[in-house]
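S.K.: Here is what each chain is made of, one letter per residue.
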Amino acid sequence: MKILTMPSFGSDMATGTLAQWHVKEGESVSKGDIIASIDTMKGLIDMEVFDNGTIDSLLAGEGEELDIGAPIAQLRLLSENTVSTSNIEKQSVVNIPSTETETETDIDIDATAAADIDAKANNVSQSKQEADTKKEEARTELSQQSQVTQPNKQLLVSPVARKRALELGLDWRQLDHGHGPAGAIILQDIETAENTRVQSSSQSEKSIQPEKSHQPIKSHQPIKSLQLKTVSQPKAIKETKPTPAEMMRQAISANVSRSKREIPHYYLQLDVVLNKALDCLSIHNADLPPSKRVLVNALVYCAIARSLTTFPAFNGFYNDGQYHASDEVHLGNAISLRTGGLIVASIHNAHRLGAIELMDKITDQVTRAREGGLRMSEVQDATVTVSNLGDRGSDSIQSIIFPPQVAIFGIGKPRKMPWIIDDEIVGATIVNISLAADHRVSDGHSGARLLNKINKLLQTPEKLL
Amino acid sequence: MNNKLALQTLICRLILDIAPEVDIESLDPNEELREELDLDSIDFMKLLEAVSLETSITISESDYDQVQSLQSMVSYIENRT
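Here the protein sequences line up with chains A and B, keeping their order.
Under the working numbering, residues 1 to 465 are what the first sequence spells out, in order.
Under the working numbering, residues 1001 to 1081 are what the second sequence spells out, in order.
These are calculated hints, taken from the structure and not from any lab test.
All of these numbers come straight from a predicted model, not from anything done at the bench.
By construction, the Cβ of each residue, glycine as well, lies at the ideal position given by its N, Cα and C atoms.
One should not assume that every hint holds.
Stated by the list, open to error - Pair by pair, the computed Cβ-Cβ distance ranges are: (1) B:R1080 <-> A:V256: 42 to 52 Å; (2) B:S1026 <-> A:D395: 23 to 33 Å; (3) A:T243 <-> B:D1038: 16 to 26 Å; (4) A:E462 <-> B:S1060: 13 to 23 Å; (5) B:L1016 <-> A:T196: 22 to 32 Å; (6) A:V198 <-> B:Q1008: 17 to 27 Å.
With the sequences and hints as input, model every part of the structure.
M.R.: See below:
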């Protein structure tokens, strides 16, 4: 039996609130499944399970605020069961199709990440690894099957239409098609459907209950009360508790103070010409819809991640006076939250991804960081961080290392400048890339080589896509 | 004129959907949209995607400088509808 405890999402986090359970007692779970949502100062974070097994008992209730490490559930591991492995594997695989299609990719990726963590710990028996491999193959097959068998059901819907439908309590899936491109359901379709519904309901109920024309608002209520249930309950427990924004400020304060106190930073920076990168992207993006376009950030992230594979002194953790380099590059992306503060979300195995895949990851994580739904593994294990001020930021930034990491990159705003290329003054788009690194682990000489390597990769951008 | 207003309302709604915290009421339609509302490049890309879905007008990357303010974005879409 394994006791699952309230996870920590940072050295400065003391408590977490169990906002919602996603499993019931007796339910079988597979590695990578989300079992609960934890409300933290970093927003709602999805807690994954790292073993296959059955939830034996839930030890904490929804809305309960608990210290880090407090038991929240008991998991009966698959290996404890007497039933043959293959049967259980089949059962757990059967559960997968009930998960929404859009989350399947995430599950696969995180299962891989979880496998990596296990492999690092060197405590995985060979048979278990084989079982995992079989299961992942089965998952892939299933996910491919569901993609093959479901194309007719894949209705396109614009985000604003989806949101409006939710507000009105309308099920947009009931519509055959919309009036947007490729039959996408757009706002106008939702409004038309709503008007039709209101008209028909007021006609049929006119003689009986005229006040029922306000029904749409009524149908909105359950959603609101659900939100209240998860959000307001924890507040009721401690009225004097600081707000999440205040807690996040305190956490950032604790982290950066520790970093500046303990880590002897050194700083380097390099101006990188982006002309080739931008030319490459303008060709790539020309005929693509906005959601498929690749931003230059993705190329820069890609160059950083790939360069780090040959500079291990900048990618890993410094703990208790010892440095451990990481074999994988889990690139932390510092995302600023509109409500204040920031959160670092980790792009797992970024060195193995191309800029197109990285772009998808960045967009997805930025959205989930702001709306809730980041996974536990994404906020825990970044091996290095990038702080990017974006195209409206300042020319450059020197960042503070996020302990126990040993390096952080800062990307300034791309800016147009007169520049000398091949002995001629030309117009160029320049971006300043900075590196703050831990002098206990590396020296400026190798830091400079790392920045030069990133520059070099950005001059052949087609290889990064 | 009605069309202009409707488009403006639609775009504001799409922005609120992406960034619910922004103060859209005080937005000057002639000012730079991203600067005024603190929208980053990913927010802007999502906005263009939503505009494309709702109006069937796809704003190409090379035309970004023509859609910097709410007013100019409305005109851009109107001229192509």
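S.K.: Against this structure, judge whether each hint is valid.
M.R.: Results of checking the hints against the structure:
no. : hint                           : verdict
1   : B:R1080 <-> A:V256: 42 to 52 Å : holds (48 Å)
2   : B:S1026 <-> A:D395: 23 to 33 Å : holds (29 Å)
3   : A:T243 <-> B:D1038: 16 to 26 Å : holds (20 Å)
4   : A:E462 <-> B:S1060: 13 to 23 Å : holds (21 Å)
5   : B:L1016 <-> A:T196: 22 to 32 Å : holds (25 Å)
6   : A:V198 <-> B:Q1008: 17 to 27 Å : holds (25 Å)
Every hint, counting from the list given before, is met by this structure.
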